[in-house]
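Protein chains: 2
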Amino acid sequence: MKLLHRYDLFSWSEFDEERNLDFNSWLWQRSDGNVLIDPLPMSGHDRRHLESLGGAKFIVVTNSDHCRGAEKIARDTGAKLCGPNQERAAFPLACDRWLQNSEQVVPGLTVIELAGSKTPGELALVLEGSTLITGDLIRCHQAGELCLLPDAKLSNKNSAIESLKALAALPGIDVVLPGDGWPIFRYGAEALGRLVGTLSNIS
Amino acid sequence: MKLLHRYDLFSWSEFDEERNLDFNSWLWQRSDGNVLIDPLPMSGHDRRHLESLGGAKFIVVTNSDHCRGAEKIARDTGAKLCGPNQERAAFPLACDRWLQNSEQVVPGLTVIELAGSKTPGELALVLEGSTLITGDLIRCHQAGELCLLPDAKLSNKNSAIESLKALAALPGIDVVLPGDGWPIFRYGAEALGRLVGTLSNIS
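Protein chains in written order, with our numbering: chain L, 1 to 203; chain V, 1001 to 1203.
There's no promise every hint is true.
[As the list claims (entries may be wrong)] Anything over 12 Å on all C-beta distances counts as not near chain V; from chain L, calculated:
{"#": "1", "residue": "Gly33"}
{"#": "2", "residue": "Arg48"}
{"#": "3", "residue": "Ser64"}
{"#": "4", "residue": "Gly69"}
{"#": "5", "residue": "Leu93"}
{"#": "6", "residue": "Leu109"}
{"#": "7", "residue": "Ile112"}
{"#": "8", "residue": "Gly116"}
{"#": "9", "residue": "Pro120"}
{"#": "10", "residue": "Pro150"}
{"#": "11", "residue": "Ala169"}
{"#": "12", "residue": "Pro171"}
{"#": "13", "residue": "Thr198"}
[Unchecked claim] Which bits of chain L does chain V cover? Going by a derived footprint, with three or more residues having C-beta under 8 Å, they are:
{"#": "14", "stretch": "17 to 30"}
{"#": "15", "stretch": "124 to 132"}
Everything labelled a hint here was simulated from the structure, so no lab data went into it.
Where is the CB? At the ideal position from N, CA and C, for every residue including glycine.
Take these sequences, add in the hints, and give me the full structure.
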């Protein structure tokens, strides 16, 4: 796995040939048990790396299109699966927890429910106030610039923009880690603000 | 290949299990012929993508440890190989051109020879004044923060720091694309300056 901007955060990725971008997964190493977010299937190397870092206690899946390798990794590691509460009725995985707005997955990892995306209540996460982790709604196709899911995939564009604006208004976001595309490791709030500006100019 | 910060720049990468970071290669698409830098072996998908973007006219190899897939890709595409002039006597590839400080590979792509790295005259490149492309000397292991090659690999640390300072003093560098590790897509000059500061504090 690759080290991110903090010594307790790691990622692994898979290049998607259809979209020409990386799908990304995240690991937060904690003394009280590690958290994986939207985990892709792992190579043997990354699996051993995960074990050396303490395994996994929780797996958060931000939306039903990001199940990826979560079920197998949960089985292998004993981690508890956590999914978006608004998808509870038809989620493809049997989750141990259903996450709602404002709750903490573990101390320091806060849930935000987003509206208007392709699935109801897609989750974003804020890690210790400064690192925003997004699933599908907020992405990064052109390096350095965030974008929204294409209009055709949004269930409600106005609601999606309102959710984006709420993220852009969070104080202290330095880093944005999107499930799909390039991470932004500094001045994340600026990037969110630029995206808000672009969309406001269009609509 | 992945789109970078400009619509004419692309990359492809390979995760290195030994170092837990990505090795990166770069493509600049130009109407007068594309340039590849430190190209890794390409997947069939990326090879087709390269063809769709116009193939390759020049391949720059920044140092003898970054030959990677250059020879095969040159053979397949007909691209001219360009290597560092200071390694000319013993370079592992038969280059068509040997690059020296201040010359342009093609208009807009300027060569900088670095001192003190593990090979003599390792090349860095500046693309249209704002994108710095580095081979091995300047790297990024912790996302968002540049670093130098480990001391044990440097032929002369003071010379390496002088070369770094010269890069940090370039006006207008927004982006730093290292051959090894995370790219920095905004405020690249700041990141170079922070690295200079760190090394100055230590030495």
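Count the residues of the stretch 124 to 132 of chain L whose Cβ falls closer than 8 Å to any Cβ of chain V, and tell me whether that reaches three.
violated (count 0)
Test the statement that L/Thr198 is away from the interface with chain V: the closest C-beta pair must be farther apart than 12 Å.
15 Å, holds
Decide, holds or violated, for the assertion that all CB atoms of chain V are farther than 12 Å from the CB of L/Gly33.
22 Å, holds
Check the non-interface label on L/Leu109: least C-beta distance to chain V beyond 12 Å or not.
Given that every Cβ of chain V is farther than 12 Å from that of L/Leu109, nearest at about 19 Å, it holds.
Reported absence of L/Ser64 from the contact zone with chain V (all CB gaps over 12 Å):
26 Å, holds
Would you assess whether L/Pro120, listed as outside the interface, keeps its beta-carbon beyond 12 Å of every beta-carbon in chain V?
Holds, since 30 Å exceeds 12 Å.
Measuring Cβ to Cβ, find out whether L/Ile112 lies farther than 12 Å from everything in chain V.
It holds; L/Ile112 is separated from chain V by about 22 Å at its closest Cβ, greater than 12 Å.
Quick check for students: does the CB of L/Gly69 sit more than 12 Å from each CB in chain V?
16 Å, holds
Find the nearest Cβ of chain V to the Cβ of L/Pro171 and say whether that gap is larger than 12 Å.
Non-interface label on L/Pro171 holds, nearest chain V Cβ at 20 Å vs cutoff 12 Å.
Status of L/Pro150, Cβ more than 12 Å from any chain V Cβ
Check passes; 15 Å lies beyond 12 Å.
Minimum C-beta separation from L/Leu93 to chain V exceeding 12 Å: can you confirm that?
At about 27 Å from chain V, L/Leu93 clears the 12 Å cut-off, so the statement holds.
Claimed coverage, the stretch 17 to 30 of chain L by chain V - three or more beta carbons nearer than 8 Å:
This one holds; 4 residues, not fewer than the three required, reach chain V with a Cβ under 8 Å.
Going through the hint list in order, the structure does not satisfy hints 2, 15.
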